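With these hints in hand, go ahead and build the complete structure from the sequences.
Chain by chain, the residues:
Protein chains: 4
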Amino acid sequence: MQSKKLKVGIVGGTGYTGVELLRLLSIHPNVTLTAITSRGEAGLPVADMFPSLRGYVDVAFSDPATVDLTACDVVFFATPHGVAMSQTPALLKANVKVIDLAADFRLQDTAVFEKWYKMAHSCADVLKNAVYGIPELNRAHIKNASVIGNPGCYPTTVLLGLAPLLEQGLIDFSVPIIADAKSGVSGAGRKAEVATLFAEASDTMKAYGVAGHRHHPEIHAQITQLASSSGAKIEFIFTPHLVPMIRGMLSTVYVKLSAKASDVDLQALFEKRYENEQFVDVLPAGNLPETRSVRGSNQLRIAIHKQVDSDYLTIVVVQDNLVKGAAGQAVQNMNIMFGLAENTGLVVVPLLP
Amino acid sequence: MQSKKLKVGIVGGTGYTGVELLRLLSIHPNVTLTAITSRGEAGLPVADMFPSLRGYVDVAFSDPATVDLTACDVVFFATPHGVAMSQTPALLKANVKVIDLAADFRLQDTAVFEKWYKMAHSCADVLKNAVYGIPELNRAHIKNASVIGNPGCYPTTVLLGLAPLLEQGLIDFSVPIIADAKSGVSGAGRKAEVATLFAEASDTMKAYGVAGHRHHPEIHAQITQLASSSGAKIEFIFTPHLVPMIRGMLSTVYVKLSAKASDVDLQALFEKRYENEQFVDVLPAGNLPETRSVRGSNQLRIAIHKQVDSDYLTIVVVQDNLVKGAAGQAVQNMNIMFGLAENTGLVVVPLLP
Amino acid sequence: MQSKKLKVGIVGGTGYTGVELLRLLSIHPNVTLTAITSRGEAGLPVADMFPSLRGYVDVAFSDPATVDLTACDVVFFATPHGVAMSQTPALLKANVKVIDLAADFRLQDTAVFEKWYKMAHSCADVLKNAVYGIPELNRAHIKNASVIGNPGCYPTTVLLGLAPLLEQGLIDFSVPIIADAKSGVSGAGRKAEVATLFAEASDTMKAYGVAGHRHHPEIHAQITQLASSSGAKIEFIFTPHLVPMIRGMLSTVYVKLSAKASDVDLQALFEKRYENEQFVDVLPAGNLPETRSVRGSNQLRIAIHKQVDSDYLTIVVVQDNLVKGAAGQAVQNMNIMFGLAENTGLVVVPLLP
Amino acid sequence: MQSKKLKVGIVGGTGYTGVELLRLLSIHPNVTLTAITSRGEAGLPVADMFPSLRGYVDVAFSDPATVDLTACDVVFFATPHGVAMSQTPALLKANVKVIDLAADFRLQDTAVFEKWYKMAHSCADVLKNAVYGIPELNRAHIKNASVIGNPGCYPTTVLLGLAPLLEQGLIDFSVPIIADAKSGVSGAGRKAEVATLFAEASDTMKAYGVAGHRHHPEIHAQITQLASSSGAKIEFIFTPHLVPMIRGMLSTVYVKLSAKASDVDLQALFEKRYENEQFVDVLPAGNLPETRSVRGSNQLRIAIHKQVDSDYLTIVVVQDNLVKGAAGQAVQNMNIMFGLAENTGLVVVPLLP
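Residue numbers (the numbering used here), protein chains in the order written: chain V, 1 to 353; chain F, 1001 to 1353; chain D, 2001 to 2353; chain B, 3001 to 3353.
Do not take every clue at face value.
[What the hints assert, rightly or not] Here are the computed lysine-lysine pairs in the BS3-like style, where the Cα-Cα straight-line distance is at most 25 Å:
(1) F:Lys1233 <-> D:Lys2306
(2) F:Lys1306 <-> D:Lys2191
(3) V:Lys256 <-> B:Lys3256
(4) F:Lys1260 <-> D:Lys2256
(5) V:Lys306 <-> B:Lys3256
(6) B:Lys3256 <-> V:Lys260
(7) F:Lys1306 <-> D:Lys2115
(8) F:Lys1115 <-> D:Lys2306
(9) F:Lys1256 <-> D:Lys2233
(10) V:Lys306 <-> B:Lys3005
(11) F:Lys1256 <-> D:Lys2118
(12) D:Lys2256 <-> F:Lys1233
(13) D:Lys2118 <-> F:Lys1306
(14) B:Lys3306 <-> V:Lys233
(15) V:Lys233 <-> B:Lys3118
(16) F:Lys1306 <-> D:Lys2233
(17) F:Lys1143 <-> F:Lys1093
To be clear, the hints were calculated from the coordinates, so they are not data collected in a lab. Predicted model, so just to flag it, every value in this text is computed and none were measured.
Okay, structure coming up:
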């Protein structure tokens, strides 16, 4: 039996997280796409910009100045940072829930937000009640949230890879946690820039943001919270890399295990931690994941490997940066917020080859 | 309300058409995967070979020598040429329907088959009743067929691109039809070969099979049949190319229009011909399709362009070679054969980007 | 013993043809790079923009407003259309030779130029004496030229593929010549545009410019000239495609042979025509070229295939669009103009894999 | 004036290091290619297998059983592990120098060799005098060597990235050195294998060999030697990844600095260490290298980044795995062994884009 359909709005539907939301929501059985806004493209049929949606999305982009989003049940913001926080208070007043795929509601410390995003935070009170949207870590809060700060793509991989250890106090923080992360080029968004042209970004790779990436403080804040009982000061080293693939993200995380870990079957710990999570897959011991094994799906896969005769553990995590790393997780959050089965509209087998 | 589930067998599940069938059938609401055979991999869980299927396909490959396929309602052959014809007579006796993704039931002229595939045809009587499986051309016959010869990937693009003209007698056969076709590398299959290694096949392209490709006689036979009323001898030039993309096929077809065509609105003709076909999309005049606009879906898109001051028409057709060009079309055929809605299990939005 | 070095200027050194000129000229034994201009990047060391040139190019970009190019022996224009024609008259007065990699000096018919490039032609008198720079067709004129219109990338492949037939009158012009051409993405230049982003242009392909591409009139004019003795009106159909590779161009050309051709050994004709051309390689009968077989080099390779029992010939031509299709051919022209060995600085083995 | 030419033999010319040696040596001014052997391809003209060499390499593959390599001045082995050690003693007797691109002469500890390569070492005495061929670390020994163990691709990046620190005792070995390394697919060689097919290895990435990669002991042995004065036991964690690019290798190395390092200007240290090395380029502070900035060339580029308020240093190193990581370094070694200018035949500007 199917419940009444949710009226859904998308603000900023022309980027990659926008079109990905449309891909997922256009065949979501409990959703009606009510409005998709774009300042630059108002009036243009959505399927003219994204021919992949021909036959699935029949509406045109709306002008954000004229569309009334308060008629929606939920609004997704797939916009640049700063847009969601300017519109969220009005939506909340109208009882509309908000899921922001940008950074406005990810960092509880507004000083950190302002340092990294170079703008003042305009609604600290809303922020206080916003929930960081990783269901596998915060499901109970998401259920009752009105505002979700959907995580950045990198943080989801690093945090789900570390959570079983952090929750059990199995990391020795005298040594930094190192995350060497690799992303497909779609992570840079659908903006006209020389650096991400095909002829610039294919058949090559590079590290970037070594001097400071916005996901560093986001991950650091969440790690600190997950390890709050330890009271330790945690050093976190983060090196993102750009890799010539459209989608896909792989994070290789290195940690020193605490003495307490020597008695723990870590493989069993990870499997147990995620046994009821259908979107988190712990691979059998000895296996390593490929990013294509999750292409187009909301799946995230984890493998762990203990160095021989060593206290160090290597954790490898893959996801599709646009799905579990962005739009898929946002839909998963929506399902939870509205009491739907968590996988509704997300039963998508990864595309391989 | 859901009908009783079909018991489905797949012979040869380790190639790309095999895994693609599994991707589609594993979430098909009317299908139970009964047996997936592989001589080389018997006993191996399918998801160990294709981790993308973890959580969706729980069975292991079976030994074809020991599995009883006669319990199935339908068996797909995703095997090398020659396997299907050796097993089909026994299956038919057991009232099992057969859909062959190889060439055994594509060519009605066994002499042509034997010339191109270098093997004798072992069941000419079965062949006689086999139906060439392009639903948009042969739907009525497919409905009642017991054996389907699922078309090659190239033929589907060329034939659906030409059909509206051929059916109306709008081509001048005094000049050859030329199909300049381009395929992604998955079309070469999942075989260990130097020529299709990443380091050999990326950042490069080539023509191949200029001296003769097996899809040439298949396309030629179908064109001839579609134009049978004309009685003309038809010359067909076919140049396949290998392009560095995983999936995707684009055929650029050049024809001389007959005098009769000068009074016809060709754009309207194409749109009308396919207006009720949900898997064939005629683009608005002036548009051209990209292969990624159909990635992972059963969609095929067509654009036509008339040369200025000329009798020549250029037709551009794209599809995903593994879906509408292989496994998706096979599932579409199965749906028709068993009276299901034709799009059951095929409501997949293309993956873009 | 080495001759006196040529003083070389490059106007517009920040695009792909610019950096390619720098790659070739920075180790050319007879060249001194005197000035490389860029309006936007004046003052920036060239190697800061193109780290591949670190250790090879030590100069910075100059402001075109302040640099005196009349001290050069030759100036290359790697600029948008229209720049070269505005500066060439002054350079000629100072006895500086000009090689334009844009379109200003390619089309002798200024009306055609103005139609396709949407600008008036400002120096028709200079144009009259400009030479179309394909050495294998125009070597004698290039030797004495002061201004070279370096050909577009597509035209070089099509014209060198057709020349042996056109020169001998072996094509039946009652049927159009069809060139189905495919280009790597670098052909679109180093401009920030959404359509050529990695995430838009990889793992996909498309036809473009079907309604009219600027290289169409250029090729048509040259074909007409090469076939001028025939007096025929020639129809030429041209379909360019964008393929996910950085460099590389492949043109598949279809022609109907004239009756006269039936007595000609075409393979021998092609081999003989190019036997003394070190940059044009006719493959042995039965072979087909890959674009990577010329990657990074000034080589162009041709294969021909006669359809069985037919009057139609298929010609396949590959080149590196940035080398023989642009900067390499420009250097080849420079070598000829200054009496150097034609391959000076161009002895580069293609990069494979 | 040109010196007498070296007679060069290549054993095993059909893999990627083989064709890369041919690319470099075919235009090396002091080299004559005397023999290129291949058991499987004897008699086949080399340029038939690698059309990129048409016009540059005119010889055919020889049968190793019949060719006399003792007439050579130097023989390169581009063969599977084990071949070089079986033939080297005889070559040395004939005064032929040997450069092995496989692992036979890389590891001085034969027990380690036998553990990782699963074969006995047959000429430990030759091994004792073999020199590990990284010129920037071992130039003096290479000059006088008869046998060179040309390093693996990964080790060159890691060792040149660490050398300035190791030589000055600036690493705190209480914490492991971590090398997170990424390689293009050509590193897997030109073998027919499913895992490196285009459709398997493109648009995806993965870690591999986490449980143990053959380059681990090689790097560990060299690090230990470079740090021998410290007497410390060094833990080294190595995670190789496969990335969808043809060529290119990027290693991200993480080290804890010793207390002594706090007074050192590390950027200056690196620049000083390599100021006379034309193939090692230390980027200016704040820059990060792309692999394409060295494509096709023998260049290696290094950038260092000190974590803020931390004792940890990140070192990023790129090279072309087939050039500085294999064939180019081998030629550099040959130049040194025969008293040629070290860059002879290696003045190749990287191919960008």
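Outcome of the hint check:
In summary, the hint linking F:Lys1233 to D:Lys2306 is supported, as the alpha carbons are separated by about 19 Å, within the 25 Å threshold. This hinted pair does not check out: F:Lys1306 and D:Lys2191 have alpha carbons roughly 31 Å apart, beyond 25 Å. Only pairs whose Cα atoms come within 25 Å are accepted, and V:Lys256 paired with B:Lys3256 is accepted, the gap being roughly 14 Å. Of the pairs offered as hints, the one joining F:Lys1260 and D:Lys2256 holds, with about 24 Å between alpha carbons and a cut-off of 25 Å not exceeded.
A C-alpha spacing of about 21 Å is found between V:Lys306 and B:Lys3256, which places the hinted pair at or below 25 Å, so the restraint holds. Between B:Lys3256 and V:Lys260, the direct Cα distance comes to roughly 24 Å. Compliance with the 25 Å bound is thereby established for this hinted pair. Of the pairs offered as hints, the one joining F:Lys1306 and D:Lys2115 holds, with about 21 Å between alpha carbons and a cut-off of 25 Å not exceeded. Note on F:Lys1115 and D:Lys2306: the hinted pairing holds, with a Cα-Cα distance of about 21 Å set against a maximum of 25 Å.
For a cut-off of 25 Å, the pair hint linking F:Lys1256 to D:Lys2233 stands: about 17 Å separates their Cα positions. Pair hint V:Lys306 plus B:Lys3005 does not hold up; C-alpha atoms about 53 Å apart against a cutoff of 25 Å. Under the criterion of a C-alpha separation no larger than 25 Å, the hint pairing F:Lys1256 with D:Lys2118 is inconsistent with the structure, at around 32 Å. Taken as a hint, the D:Lys2256 and F:Lys1233 pair is honoured in the structure, with Cα atoms around 17 Å apart against an allowance of 25 Å.
Of the pairs offered as hints, the one joining D:Lys2118 and F:Lys1306 holds, with about 24 Å between alpha carbons and a cut-off of 25 Å not exceeded. Proposed proximity of B:Lys3306 and V:Lys233 is supported: the alpha carbons are some 19 Å apart, at most 25 Å. For the given pair, V:Lys233 sits about 46 Å from B:Lys3118 by alpha-carbon distance, which is inconsistent with the 25 Å threshold. Proximity of F:Lys1306 to D:Lys2233 is assessed by CA-CA distance (about 19 Å); at most 25 Å being required, the pair is judged to hold.
Annotation: proposed proximity of F:Lys1143 to F:Lys1093 holds, straight-line Cα distance about 19 Å (limit 25 Å).
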